[in-house]
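> Chain by chain, the residues run as shown.
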Amino acid sequence: MILPELLPILVIALYFLGTVLFVVGSALRHEVLKNAALALAALGFALHSLDLLHLLVGAEAAQNLIAGRFLFCLLGWGILFIFLMLWWRLKLKFLAVVAMPLALMLYLAANATVGINTKLPPMLSGLFFFLHIGTLFASMALLAMAFGAGLAFMHLEKRIKTKAGLKQFQKDMPSLDTFDRVNHFVSLCGFPLYTLGLASGYVWAWLSARRVFSLDPKEIMALIVLGLYAYLFHQRLVMGWRGRKPAVMAICVFLLTVLSMLGINFLVPTTFHGFKP
Amino acid sequence: MDTMIFLVGLNHRCAGVDVREKFALTSVADFEKSLLAACPLREVMALSTCNRVEILVVADSDRCAGIDLAEAVLRHWAEICAGPLDVLREHTYRHAGLDAVTHLFCVAASLDSMVMGEPQILGQLKTSYRKAVETGTARVIINRLLHKSFSVAKRVRTETAIASSAVSISYAAVELAKKIFGELAGKTAMLVGAGEMAELAATHLLASGIEKLYITNRTYSRAQELAKTMHGEAVFFEGMVEKLRDVDIVISSTGSPTAIIRAKDIREVLKKRRNRAMFFIDIAVPRDIDPDVNALDNVYLYDIDDLKEVVEENMSARQGEAVKARAIVDVETQAFATWLKSLALQPTITDLLGRAEDVASRELAKTLKRLGDVDDETRLALEVLVTSVSRKLLHEPICFLKRRTREEGTAERFIDMTRRIFNLDADTVNEDAHLDRRTVDDEAIDDETQDCECCRSDGPEPLAPKNKEDQPEQEDQK
Chain A
592 MILPELLPIL
602 VIALYFLGTV
612 LFVVGSALRH
622 EVLKNAALAL
632 AALGFALHSL
642 DLLHLLVGAE
652 AAQNLIAGRF
662 LFCLLGWGIL
672 FIFLMLWWRL
682 KLKFLAVVAM
692 PLALMLYLAA
702 NATVGINTKL
712 PPMLSGLFFF
722 LHIGTLFASM
732 ALLAMAFGAG
742 LAFMHLEKRI
752 KTKAGLKQFQ
762 KDMPSLDTFD
772 RVNHFVSLCG
782 FPLYTLGLAS
792 GYVWAWLSAR
802 RVFSLDPKEI
812 MALIVLGLYA
822 YLFHQRLVMG
832 WRGRKPAVMA
842 ICVFLLTVLS
852 MLGINFLVPT
862 TFHGFKP
Chain B
2 MDTMIFLVGL
12 NHRCAGVDVR
22 EKFALTSVAD
32 FEKSLLAACP
42 LREVMALSTC
52 NRVEILVVAD
62 SDRCAGIDLA
72 EAVLRHWAEI
82 CAGPLDVLRE
92 HTYRHAGLDA
102 VTHLFCVAAS
112 LDSMVMGEPQ
122 ILGQLKTSYR
132 KAVETGTARV
142 IINRLLHKSF
152 SVAKRVRTET
162 AIASSAVSIS
172 YAAVELAKKI
182 FGELAGKTAM
192 LVGAGEMAEL
202 AATHLLASGI
212 EKLYITNRTY
222 SRAQELAKTM
232 HGEAVFFEGM
242 VEKLRDVDIV
252 ISSTGSPTAI
262 IRAKDIREVL
272 KKRRNRAMFF
282 IDIAVPRDID
292 PDVNALDNVY
302 LYDIDDLKEV
312 VEENMSARQG
322 EAVKARAIVD
332 VETQAFATWL
342 KSLALQPTIT
352 DLLGRAEDVA
362 SRELAKTLKR
372 LGDVDDETRL
382 ALEVLVTSVS
392 RKLLHEPICF
402 LKRRTREEGT
412 AERFIDMTRR
422 IFNLDADTVN
432 EDAHLDRRTV
442 DDEAIDDETQ
452 DCECCRSDGP
462 EPLAPKNKED
472 QPEQEDQK
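Respectively, the protein sequence lines represent chains A and B.
Under our numbering, the first residue of the first sequence is numbered 592, with each subsequent residue one higher.
Under our numbering, the first residue of the second sequence is numbered 2, with each subsequent residue one higher.
Warning: the hint list may mix true and false statements.
[What the hints assert, rightly or not] Partial list, derived from the structure: chain B residues whose beta carbon lies under 8 Å from chain A: (1) L177; (2) K180; (3) E234; (4) F237; (5) V311; (6) S317.
These are calculated hints, taken from the structure and not from any lab test.
Don't be surprised by glycine CBs; every beta carbon is placed ideally from N, CA and C.
Just need the whole structure built from these sequences, with the hints factored in.
In structure tokens, the structure reads:
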């Protein structure tokens, strides 16, 4: 089959072109270019979905599920999916600056990890797979968006607070309120997803090994992230945090999740959460 | 019979307001006609606003050899306004030829305005032009010149960022508010104290979609009064801080010698409104709002100096854009000069014949291709046929143009018409280009870009437009 072989190259090309075009379009304040970039990204996203689907329904589906390539692929897809949702709901084109390069990087990483398989366990199938991996990836994708929105918020807020004056680039950015709404959305949806992901992981660990906590570095990291995420969720929804503080918090949480995902997978010898060959 | 374009005028830079009001033409009826009667001119258009007067005239150089035209116009102008000629002479500028064209383009593109980039001048120019068209004092050259100046203004507006940032305090405040809150619809503002600038800012906010405006003043009756004119709601001064929990934007300009809004009050207010962002605009001197307020999260405070700085920065950004705009003006001036030169008889005849030859050779090539192999004799015959048809067809129009030029000294109107009918300048005309004068100016030909029958068909076709009586289908079958 030619399609599966060409597909990754096509997706990478589309994401790459889209990213470049979007950055150029933003620099030149050219709406047509930006829209073209988004169209390219959307096309890439469609092909990306096709690629994922192909991995899922193929004859080697069971094997594919635990391949590193599939996991990275899924994460990149999730980020773009969340971006497209935000674009649709909040009309937030701006976050493409974060979403498109991230999706590109993850997709590239996915294709670089061909051959690497996680030693993921026989019982992690079907329901648990999506409860655990799906929810965690979705919340990470949400966090990625909050990360981008948070950085943009802090940058713009600093310009306004210090009265440094707005350059053309900042004039084209969405308002502070829009970025804050992204943060709100992420706190609201991301935390329950993350909790669900962790909880299902523990339930599964208990079912399979009769052991809830295995002192895996990733699990420790995940608990720390959960704590911070819970704090953000609480402050935001109960204490009415807004603006800079939750933005900083979301940035920290995202960086920690990235650290736990990449750092621990590739650097620390781990029990069973790694993608090592 | 060379054409001369002249422009005399005065603006806010070279004339004080007393001079400008003395020589304003806003209340003078039919200035153009009287000027046309007083001086040997061909076309006249006058623009008069509170900041400038521009008089654009077109004349034949041989008809007014030895006359100082600008002086004659000034004399008439002084006479009409019953003002001293030497004062007028001292405060006006004169531009001739392409300088006048450049100047007019700059005026239209608002590069010469008091606040550079503000678009009002274009509307005023359009009104003046319409008036000149109605009185019949604007003809070929002014028509073309003004239409070009409108398109220059449009290009400058779309291709440079000259009008993209706020250059007044109140607009700058609104722009900042939009950067903080996004859409202003559904937001609430409060006006503390009264003052011209504060009211102006509140008006701009209302125009941008603010939902509710509270007004408070130390004297409650004054607040009520303002509330009536601005469709707001008056609030007691004592209840102001309490009310702030519902207010997103505060504009303050009281005469109070000390701060009336303190950081510790606002901290409480913020708690009550669950940290929703607030934007304070302090226009008063001495300041009404404690500067520490700006240190609170989600609160943004701009005082008059901060806003002035924003405005100045935007202003200097406009200056930078003006360089780009000037380049556009220069290019368009050159294009206009080219057109002006082509308005003579000889270049038009050359262009006409060139166009005919071009069409003939293209159609000949098509026909030969379709016929396949033909002997040289047939080819020669066909060549002679198409060239002679196209030449003969143009013979009468060319004779007409020559005759008119001989009889009247100038046939610019017909030459211009010819150029437009045959689209010799390859202009593109917007569909709405003449909307504003469709009822007025019957000279205009709006269909320059429309497809016509003779361009559409691919079949063997006549070189000149067909008569309506011809039956195209039958021709095709032959």
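> Hints first: check each against the structure and report whether it holds.
Evaluated hints:
1. L177: Holds, because the Cβ-Cβ distance from L177 (chain B) to chain A comes to roughly 7 Å (cut-off 8 Å).
2. K180: holds, 5 Å
3. E234: violated, 24 Å
4. F237: violated, 28 Å
5. V311: holds, 6 Å
6. S317: violated, 10 Å
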